[in-house]
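> Got chain E sorted already, so can you dock chains Z and C onto it with the hints?
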Amino acid sequence: MEVILFAVFASIAVVSSVLVVTRRNPVIAALCLILNFGSLAGMYLLLSAQFIAVVQIIVYAGAIMVLFLFVLMLLRPDMERSFFRHDPLFKWAAIIVSVFTFLLLVYAIILTTFNAPILANHAKTIEIGTVEAIGKELFSNFLLPFEAIGFVLLSATVGAMLLSKKKLD
Amino acid sequence: MEMKDLFYAMPLLIVGGGILLILLIDMFFKGGKKIIPALTFFILLGTAYYSLFTINQLPIGLMPVSEFGLFYGMLSFGGKAHLFYFLFNFGSAIAVLIANDYLKKIETEYSEYYILLLSSVLGMMLIAGSRNLVMIFIGLEQMSISFYALAGYRRKNILSNEAALKYFLLGSFATGFLIYGMAFIFGTAQSMMLIDIFSQTSVLVKNPLFMIGILLFLIGFTFKIAAVPFHMWAPDVYEGSPTSVTALMATVGKAAAFSAILLIFVSVAKMGPNSVFSSMFSVVAVLSMLYGSIAAIAQKDIKRMLAYSSIAHAGYMTIGLAAVNPSGIAGIIFYLVAYTFMNLGAFGIIALLESKEGKFLSIEDYKGLGTRQPFLAASLAIIMFALSGIPPFAGFFGKYYIFLAAIQSGDTWLALVGVLSSVISVYFYLRVVVYMYFSKSDDESAILEISQTGLLAVIASLVLVIAFGLAPGSLIRLISGLI
Amino acid sequence: MRNLIYLSVVFPLIGFLVNGLLGRKFKSEKVVGIIGSGAVGAAFLVVLAAFVETLRMPEEGRALIVTLFQWVKAGNLDVSIAYQIDQLSLVMGLVVTGVGFLIHIYSIGYMHGDKGFWRFFTYLNLFIFAMMNLVLADNFLLMFLGWEGVGLCSYLLIGFWYDRKFEKSTTSDAAKKAFVVNRIGDFGFLIGMFLIYLNFGSLNFTTVFAKAGVGNIPESTFTLIALCLFIGAAGKSAQIPLFVWLPDAMAGPTPVSALIHAATMVTAGVYLVARCSIIYASAPMALTVVAVIGLATAFFAATVGLVQTDIKKVLAYSTVSQLGYMFLAMGMGAFSAGIFHVVTHAFFKALLFLGAGSVIHGMHDEQDIRKYGNLKKYMPKTAKTFLIAAIAISGIPPFAGFFSKDEILWEAFSVGGFGFWIFGVITALFTAFYMFRLYFLTFEGKERFDSHHVHPHESPAVMTIPLMILAFLSIVGGFLGMPAIFVGEEGNLFGRWLAPIFKSAETKIFTGAEHSHLMEILLMAISVAGAALAIYFAKFVYLHKPEIAEKVSAKLKPIYTTLLNKYYVDEIYDAVVVNPIRLVSESFLWKITDVKLIDGLLNKSAALVDYLSGYIRKIQTGAVQFYAIIMMTGILAALFWIIKSL
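Chains as they are written, first to last, in my numbering: chain E, 1 to 169; chain Z, 1 to 483; chain C, 1 to 646.
Isolated chain E (complex conformation) (with noise of 0.2 Å):
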């Protein structure tokens, strides 16, 4: 069962993927985008990892994909045209050099002798992917970046401010 669906989740993600970067209109894009989230959410579930795969949906697939849309939609979307140069060259050496990549890393993921999977406890993994025990863990162990991701977050803000905002006095 968790194979079955793993497969699908996995080549609905890929599908999507791929779909992302060739469909030429960004809307479409965009939501084979959605798609892609969608698919990573459910490979999350199979991880037991509830917290993260609500979190994915409701953030990603939901809000931050609103306003992606929404931005795409006020804009003109063919300024993004002009912007990059489209040469087919780059385009064929960009395939080449990609290919080649996954070929490699697929060789070397097949030359790994992977060791036995830590087979945890099923009852175990579950209790992780809480929201208490993420809860629990973010104060504790991982306190710091916790902070520091916040001062991430608050230095994004600011340089958006900086780049966008209309009048800065």
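Everything labelled a hint here was simulated from the structure, so no lab data went into it.
Accuracy of the hints is not assured; some may be wrong.
Unchecked claim - Here are the computed lysine-lysine pairs in the PhoX-like style, where the Cα-Cα straight-line distance is at most 20 Å: (1) C:Lys446 x C:Lys545; (2) C:Lys618 x Z:Lys300; (3) Z:Lys300 x E:Lys165; (4) Z:Lys105 x Z:Lys359; (5) C:Lys30 x C:Lys115; (6) C:Lys371 x C:Lys446; (7) Z:Lys356 x Z:Lys105; (8) E:Lys165 x Z:Lys30; (9) Z:Lys359 x Z:Lys156; (10) Z:Lys33 x E:Lys165; (11) C:Lys27 x C:Lys165; (12) C:Lys446 x C:Lys384; (13) Z:Lys206 x C:Lys644; (14) C:Lys176 x C:Lys165; (15) Z:Lys359 x Z:Lys300.
Frame of chain E, contents of chains Z and C only:
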């Protein structure tokens, strides 16, 4: 976590608190804006001195915390981390002096500049002090996001916009690989803590995925140090960004990336088949040195020239990585210190001379500067000598220690290529000097007003460049003691 | 104060910086002069205080090294900026700053009204800074730094009046000559230094000399090192064959001649040999070379001095000759006697030069002694002090020169034998003769200048007071080093003071046969009587019967012209060394090697780099996708490499 953790994380707290304080001042006190540059400067200076004087200090009655880590092992204390803290803070303090005048000149004084500058410094410190992969990533993002925004600081300048966008796109691309690498490392080592990863390294180095993880991690930071072939962004970004931002990115930003590489690379290279990464870095070093030096010759814009020269400098420092020995590491850190102050001086002078409209950036404009601005010309000449590695300035000893390390590890050919590239680089550095002293200016009327704080920045950098050149021994001894 | 000895280096540096950076802006000469002299005066006080403090300490604990900071650390090489206090460096330090201070004061008067007044004091302070580094250094490298520094200052100051004529060419040519000749010597010093590092693994005096004292190093190595260092010493201290620059160095202002080319810098070579006494003591052959060269220089320069007509030229050759004496002492293993002569010579030779400067000043830059005469009437103070110095250098007791010169002559006799002694004595007689020839022609006799146009006058007090102090020192300075036969071994204060420095060297050297006291007194009497006779002879010839001099010179025309032209050494050097080199470099090195080979190669490679550079520039297209592709290619290559090597 205990209270002592807070105490030992003092440098981070001061800078972090400073960000919030400035944000508040900016929001609530209309008249408070004037003190923001000064406040930023003193925050950075204070942190720099605190870090410097706690380098060798261990928590009383405890085992060295750096072994063990603050905040549940997330952060180290003292030693190399504090040396880097000092470098970041002191360098940025000088960059604030440069910025203060520069922003006035281009008539865009926003306090966001100082907030973002402090944020980037906080990010750098998180990188250098980190004991956990997550922390490295957060620090890097903190620094990079601040830089992206700062690069686009001149909002009405098309070059500045372009720089910000390019830096953001390519930077995110590189960060993607970094994260990918971290995922491999986490997957194989099953821990994010550096201490756990290192304890298993001797086994893990036989695992291809782990090695790929380390490789991608290193590549992520090789992008930030702008070494060939991950350098393409540097000339455009350095040229387009406001000069005071370039001064920051090209110096302490690069030092932060090196600090991350040193965190991981040393332990892994020590235990693993070091020939793999060593030869990879040899190739990167040779390409960067030659590419940077040769491409710099064709440049007409002085900022662009310095960008290529910084690629070459990244190459010299990479030799120290290829050498994989303690003297190579010490050499890198010495070089970083020297390089930081040389380039701060150089960009400081450029920022002083640059006109409001962004003129006076072509090397041709420096003709006859020797008579118009004798002090600045002499300073720039000294810095150019230092950059090209002519003794007795700091740059010479940086190269010297690096090349020495290469020879010690048997890579004499790398040192030879380094010397060759230095010889090439003399051409474009000295061209500036020749223009300043042996050519007449076409436009004698361009009288430049030189402001005070920028001058102070130049003098401070100059003094350090000369001091580390005359007495490199004390610095290298301090560094060697920390490795 | 001992721990603060570095201040004596720092003060002149501050003076140099202040005058150098701001001197042009100071409106009054007084400010510049006070800063310049004050810096050196302060340095003198520091050294003096350290000296007094050292004097109170027990003999064993007197040496001290004050380390400022580590300077160079590379592999085994570990060199610090560190200053050494011991008996020898203190003596040298006192002479440099003390005499230096007096000359600074004097210069305020002498250089009055010169357009380069501030520049002059800047250079002088830089010189004192470099010289103090030279004498206080605790390692060869720092000493070399000082060594080069004084060479640089010497160059700058010889060519100080770069717009004036000097003899057949310009002062700049004289400065260049000094610099080039010194470079030859420096080369020897450098080679010596490398050899020391190679054999002893260190450049610190303490380490090197301790290892040299133990001695499992072959004598041939010591000889090689000693000879290389001696080439350096010979260059700086104007010994055969590298002395040619010193007479030309008189192109500089007279205080410079007094400070650099008489009292301090030129004795650096002697100091170097004394400092390395243990190395020389381990290399007897090198010692013999030093002694022979020293004696030959002393004798040769004295003969040239007999006939010179330029007042400063006479003094210059006299300096060369006296330096020869010092090296003779070194060669005899009488290191403390040599250093003692350095000290007394600094007093009276500085005095002679300053006196000459006073005369030149009063005579409106006239330097030909044939155009002087009876100046005693116009400048009594200068005349008196000059007379004292002349007596002192001639070796008449109880003036300073007598004691130091006599000690050297006695050592020459007891160690080197009769041959060394007799040449030494003859040189001493010549010295007495030409000094008094100079004195009588200048200050006594008839006025030979055109009194309508020239109005000689005494110099101001700022110039005469240093003269008087130096005169006082020239009289009493010798009592520091009274010979043992008069006051016993303990009575020779100077020798006793320096004894610990040279103890290990002196135990290695054959100290000469025992001679009776009677012998020593007899020899002393002979040399004094000879000197007195020479003085009388000079008086007879130049005051009473001037025609004798002309007759003699006419009769001995070949010898006279040879001497007047300084044995044609300059011409010989030109013919043998300079011109062939010039010929080879012009015809071969320049036209073929330089123009064709090096320039050609360089231009070709520069063109190649230029071409590459332009090509690379095209890579930087500005397209972000392209940048990303390049990055990806890099990653791909790295991945490939890593998987391949697993």
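> Could you work out which earlier hints the structure fails to respect and list their numbers in ascending sequence?
3 and 11
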